[in-house]
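Protein chains: 2
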Amino acid sequence: MKLFSKVAIVGLGLIGGSIALACKKNKIAGSIIGISRRKSTLANAKKIGIFDCVSGDIRRVKGCDLLIFATPVGTTLRLAARVRRVIADECIVTDVGSTKEVVVAKLENLFPGFVGSHPLAGSEKSGIGNASSGLFKGSCWIVTPTARTNRLALDKIMLFSRRLGAHARCISPALHDIILSFTSHLPHAAAFSLITTVPVRYLPWSAGGLRDTTRVAASEAQLWADIFLTNRNNVLGAISLLQQNVAKIKSAIAKNDRGVLIKILKHAKDKRVALDSRKT
Amino acid sequence: MKLFSKVAIVGLGLIGGSIALACKKNKIAGSIIGISRRKSTLANAKKIGIFDCVSGDIRRVKGCDLLIFATPVGTTLRLAARVRRVIADECIVTDVGSTKEVVVAKLENLFPGFVGSHPLAGSEKSGIGNASSGLFKGSCWIVTPTARTNRLALDKIMLFSRRLGAHARCISPALHDIILSFTSHLPHAAAFSLITTVPVRYLPWSAGGLRDTTRVAASEAQLWADIFLTNRNNVLGAISLLQQNVAKIKSAIAKNDRGVLIKILKHAKDKRVALDSRKT
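Sequences listed follow chains B and P, in order. Note that the first sequence covers residues 6 to 285 in our numbering. Note that the second sequence covers residues 6 to 285 in our numbering.
Same shape as in the complex, but just chain B:
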């Protein structure tokens, strides 16, 4: 027996497409419905040939027992009420958005079977064309239950994420948003600021350092605007701390204080080296 009989995926980008591919490969769903408002995306999804139905009409999700919002946070918030009208109370609903407090608060009010989640997988390369059934393999899939979360829905979402190859970890929506403001949202804010600062005429004189450091600045602007704005206070707090640390390095350079500068850089280096040896 399949884990779900009818899985509906709303949003067919990198994450939605990869979930669909992984569902198919791991025989998780009886049938898979893909929803996108873009005609070109629907055409691409049809080509892959794994969907039982692809449609621009969100009412086609009717009858599903798992619905996944694989849309940007802002879109998920806008679509939720329309989805509610067509799905049953028993349907398990999740999302894969990068911020959780705002989304969970709204969606658990609408859907009795809602469990927030956030797979820590992805890339600056968006679109179903870059989707892969192995995207979640070995990665961390954060699940964010609350006191109101249905226990069966929680268990099934955790099992679902494991069947996709990820390891599931539970934390509260609030803690998720604090942690991710540092480990994901801040690096994006820094990368966007950094590439903005480099004059265009100097770009040809760059090596791997600038490329790596700004790689995530190639991410979608609207998606990231919504992430920053739905995790506003945490992101502002993280940026303030970054500003303090930039000011400390700047001050050591301005004062020609090699001792302090080496101490700051050495501490940063040790932390970065440790990052490579850690796993969630």
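Please keep in mind that the hints were generated in silico from the structure rather than gathered at the bench. For clarity, every value in this text was computed on a predicted model and none was experimentally measured. The beta-carbon is built from N, C-alpha and C at its ideal position, and this holds for glycine as well. Check the hints yourself; a few may be wrong.
[Stated by the list, open to error] Covered stretches of chain P, as calculated for chain B (at least 3 residues, CB under 8 Å):
hint: 1; segment: 12 to 26
hint: 2; segment: 226 to 238
[Said to hold, decoys possible] Below, simulated DSSO-like cross-link-like pairs (lysine-lysine); rule was C-alpha separation at most 30 Å, straight line:
hint: 3; chain 1: B; residue 1: Lys-161; chain 2: B; residue 2: Lys-11
hint: 4; chain 1: B; residue 1: Lys-253; chain 2: P; residue 2: Lys-130
hint: 5; chain 1: B; residue 1: Lys-276; chain 2: P; residue 2: Lys-130
hint: 6; chain 1: B; residue 1: Lys-44; chain 2: P; residue 2: Lys-276
hint: 7; chain 1: B; residue 1: Lys-260; chain 2: P; residue 2: Lys-255
hint: 8; chain 1: B; residue 1: Lys-130; chain 2: P; residue 2: Lys-44
hint: 9; chain 1: P; residue 1: Lys-44; chain 2: B; residue 2: Lys-271
hint: 10; chain 1: P; residue 1: Lys-271; chain 2: P; residue 2: Lys-142
[Said to hold, decoys possible] Computed from the model, here is a short list of chain P residues facing chain B with C-beta under 10 Å:
hint: 11; residue: Ala-196
hint: 12; residue: Trp-210
hint: 13; residue: Ser-245
hint: 14; residue: Leu-247
hint: 15; residue: Ala-257
hint: 16; residue: Gly-264
hint: 17; residue: Asp-281
With the hints as your guide, set chain P onto chain B.
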């Protein structure tokens, strides 16, 4: 006939080791002398088996017709006078340091055959153990002549860099330092600051974004302290501009101004996407 009869490489790290390997592979040198003060490095260099002599005694460079300082900028400045005592006026001398104005000013006073250079290759992984004969293949090798530079020395260094697989580009030491303050030194300052800002307990909850954005923060602290301090004014200027751009993103988030935020992020994204399609 070989391009040089005796090449001395002072400093046997990633760059020095890679130059030695590339010299051997491309039959550029009659013999190669490697100098390092570290016993473990000398032992590693011996194991590679491409040096005709490895030594901790800098006087062994005597008789070379090309000498390369492959040491950190600070070390190059400290060693220059001692090297001068043992090599001939005709010897061609270069360095591979990441800042050029301070080094070129001092070394062209000491060595009649000096030409500054800076191969835009490297990695956060240091040490001769990571050296590779192909490190410079297809990369940009910046050469920084001045009005005082000997023409034959300049031609031979440019030819040398091409024989190592790089493409040589000439700019002034001053322009080099301005450009690199944006394309290399600023990304490093940002990465060091960023990893410093992320609380250790949150590090396990990170994905590719934080890893890429802070990869260069695993670089050597002393090396980077000297780079920042020998390019102080340019680095301070670049950091100030970064601070302004961080403040702009922060302000748009604080004001909940989605329109301005998307505009900033979109502009950054377009620039970053263009970076991938550019070549020096």
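Hint-by-hint comparison with the structure:
no.: 1; hint: 12 to 26; result: violated (count 0)
no.: 2; hint: 226 to 238; result: holds (count 8)
no.: 3; hint: B/Lys-161 - B/Lys-11; result: holds (14 Å)
no.: 4; hint: B/Lys-253 - P/Lys-130; result: holds (25 Å)
no.: 5; hint: B/Lys-276 - P/Lys-130; result: holds (15 Å)
no.: 6; hint: B/Lys-44 - P/Lys-276; result: holds (28 Å)
no.: 7; hint: B/Lys-260 - P/Lys-255; result: holds (27 Å)
no.: 8; hint: B/Lys-130 - P/Lys-44; result: violated (46 Å)
no.: 9; hint: P/Lys-44 - B/Lys-271; result: holds (23 Å)
no.: 10; hint: P/Lys-271 - P/Lys-142; result: violated (33 Å)
no.: 11; hint: Ala-196; result: holds (6 Å)
no.: 12; hint: Trp-210; result: holds (5 Å)
no.: 13; hint: Ser-245; result: holds (8 Å)
no.: 14; hint: Leu-247; result: holds (5 Å)
no.: 15; hint: Ala-257; result: holds (8 Å)
no.: 16; hint: Gly-264; result: holds (9 Å)
no.: 17; hint: Asp-281; result: holds (8 Å)
In the structure shown, a violation is registered for the earlier hints numbered 1, 8 and 10, in ascending order.
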